[in-house]
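Colleague: Going by our numbering, the sequence shown opens with residue 1, and the numbers climb by one from there.
Careful: at least some of the hints might be erroneous.
What the hints assert, rightly or not - Pair by pair, the computed Cβ-Cβ distance ranges are:
no.	residue 1	residue 2	range
1	Gly98	Ala50	34 to 40 Å
2	Gly113	Ala58	29 to 35 Å
3	Glu115	Gly81	17 to 23 Å
4	Ile111	Gln26	33 to 39 Å
5	His209	Gly160	21 to 27 Å
6	Ala117	Ala30	38 to 44 Å
To be clear, the hints were calculated from the coordinates, so they are not data collected in a lab. The structure presented is a predicted model; accordingly, all values stated were derived computationally and were not measured. Ideal Cβ positions, reconstructed from N, Cα and C, are used throughout, including at glycine.
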Amino acid sequence: NALLFRSTNAPFSIPTPSARLKRLQQRWSAGSSTCIRSLGGSVTIGARLAPGEVPFPALLFSLLRGAYPQHHDCDSFGSGGFGSKFYLSCVDAYVPVGCDLVVLDVAVNDISGTEKARHLALDAVVRNLLEPPLSVGGIILMNWYNLWDSPGSKPFRNAGIAEKVAEANGVSTLSMRDWVTLSPRNDSSRFWAADSKHPSQLGHMLIAHALALTLFHGSAASSTPGSTP
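Given the sequences, and given the hints that come with them, work out the whole structure.
Modeller: Structure, rendered in structure tokens:
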């Protein structure tokens, strides 16, 4: 369940939706209202965006309401450097019981401790979301390369953890591997803010559209003109 951006100009593949996302699509098609939360770090809150610019969660929520105009309870939360260990202690404070979908962008900030410890922390957050009392309907794990590596260097050391956790728990991943680097290449610089570590407004639009394509793929909304990006 990975959406791979091989480069900013190359086609990317849209996977078959997971069983959890298919059930969510069915609820939308039936006209049901849904609850969605986006949790993460500085990217989630739109760090480095200019005044008036909009981070990807708000853009995603707008796309959802355009495709399925019934009422949706949507909100996001994050702060600089927030990773799995932070949310492990308080995820229930930000996610209502029975929430339909959580977009979780935390792995890029899981940089301390052993690989096993980071794996266990992310897995524990996902399990806390899926199991009672929260019983979240679906999760999308956003997976990045290390923002502090240079182009051509080895992948972010957590690159495989999100996929392993997703597979073990039956949830989806969104992977933007080559797109995310410290020093933007000529074809991707417009997607980055001046610090080269956070997306620009165009970058946030790319993330929101990638999430929407993942959510709507194979649904009625994906074939309705004007309803999807």
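Colleague: For every hint, state whether the structure bears it out.
Modeller: Verification of the hints:
1. Gly98 - Ala50: 34 to 40 Å: holds, 36 Å
2. Gly113 - Ala58: 29 to 35 Å: holds, 32 Å
3. Glu115 - Gly81: 17 to 23 Å: Once the Cβ atoms are compared, 19 Å apart, the range 17 to 23 Å for Gly81 and Glu115 holds.
4. Ile111 - Gln26: 33 to 39 Å: Holds - the Cβ-Cβ distance for Ile111 and Gln26, about 38 Å, lies within 33 to 39 Å.
5. His209 - Gly160: 21 to 27 Å: holds, 25 Å
6. Ala117 - Ala30: 38 to 44 Å: Holds, at about 42 Å.
Checked against the numbered hints above, the structure breaks none of them.
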